[in-house]
Amino acid sequence: MKNLISKICIATMALFLMVGCSKEFLDEPVPTDGVSPEVVFGSRKGVEAFISGIMREFREQFSTTDTPSATDTAGLNSIFFARSVKGNDLILANNWFGSDYENNNREPTYRRTKFVWTYCYFMINQANTLIQGVEGSSALGDADKKELAAYGYALRGFFYHQLVLDYCPSYSVDLNYPAPPIYTEPTKTGKAMSTVGELYKFIESDLIKAVDGLTSDRLGKSYINKNVANGILAEVYQVMGNWSGAATAANASYGGNPTAVLNSAGYRSGFDDYTNIEWIWGSAQRSDQSNYYYNAPASMMDHMVPSYACGFINRDFVSLFSPTDVRGYFQKKSASITDVNDYRYWITRKFAFSFSGDNAIIRTPEMILIEAEAKVRLGDDNGGHALLYILQKNRDVNAIKSTATGSALIDEILVERRKELYGENGIEWFDAKRLRRGITRTGNHRVGAVASLTADDKRFFLKIPQVEIDANPLIPKDINNNR
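This note's numbering puts the sequence shown at residues -17 to 465.
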């Protein structure tokens, strides 16, 4: 960890050189002989410039000595898409993310394993630097301190949640299971592993502080505000089974009026514009500050323009959509592919690829469906029905309100989550893992049964990277035994 943190600290100091920001994009960094933390954290403008530099890393072609840049390890979008292709709904040709699709990419020396760990801790270190700098500033007023530090708490909680999702069994399996170390300040010294229970308690605490300190204001939709922090907290509470908390946070995230934040007319517009009313949080790009072909899902799923065009759709998933569902935006790959068993038979038009295409992180339909699930689990089937039907009717003019109750209604909500969010954030994988269900490959998959996951399958999480074990003496050398 010492070597890793040293590299992170160097990168953090590089961010100190970034001064001045526009509404969405930091101006080009201005080379200087060095800018002290006192200058960066000496004004709100300086802190906002620092935050803009952090958010740029959401859409960066991330690279370190141990994790050189690669198309499937670019930024947050790479973590999300790797989870998406582990399920049953998407199919991938033998290309980037191929080992993720095969559910065979978890060993301690593999690129996926090293990247997720290093990238998340890089972002956590940025959050720690932000929190420490803001709270230690003598130039900022109390109101600015509370809000700007809350931004750091939200960012830190979000990335710790990505770590525990990718490196541990689900929350309800074993609260004492070894989990990634917890760092609360910039450091060069490695720490011992935490536990799943300790890490979730820490994540929850961070996000509660974020919700309390943030406002609805922000520089733009690629930045975090109170709505975003509530959305992150709702996802965490889903995993923890805190359904009252999940319902409250999800409702606060989308604003409580579902009809006001749904727009079916925009569903087929390419999923590349974060100004869409349904996007609560998105990663914005522009052509001269782009992730280019690293920008999954669009760069993998769009067959209409030059791209990798290696993503396809399972025929069984296509069959879940009615002809009048706006989300059923599928077509046959080619007139020459006539066998429905060919994995290339179906493609989706959901994602339009361009160098300026934005990526969704949290959208209103996800929050509406979290609240719906929470209501049902709390015994309010009618409330869950109502929310589910509002979304279904918005997407399909011929939708029929469900009469299911209890666990059957939960299953309908889970299917709706897959239909609404496929390809975006690994929703099928996320739900299967948190609910301790398997994922069975069906239909016309290129890699079928051998890649199916059983309940609590170890392939739901990654092993601890060998570079971390070698660098951090507080992590046992045998940490991956039986992991």
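There's no promise every hint is true.
Stated by the list, open to error - Calculated lysine-lysine pairs in the PhoX-like style (CA-CA distance at most 25 Å, straight line):
1. Lys183 x Lys27
2. Lys183 x Lys127
3. Lys383 x Lys173
4. Lys173 x Lys191
5. Lys183 x Lys375
6. Lys315 x Lys383
7. Lys27 x Lys170
8. Lys459 x Lys445
9. Lys191 x Lys128
10. Lys173 x Lys27
11. Lys191 x Lys445
12. Lys170 x Lys445
13. Lys459 x Lys170
14. Lys183 x Lys128
15. Lys440 x Lys459
16. Lys445 x Lys173
17. Lys183 x Lys173
Source of the hints: derived by calculation from the structure; they are not laboratory data.
Practice task
Could you work out which earlier hints the structure fails to respect and list their numbers in ascending sequence?
Solution key: 1, 3, 5, 6, 7, 10, 11
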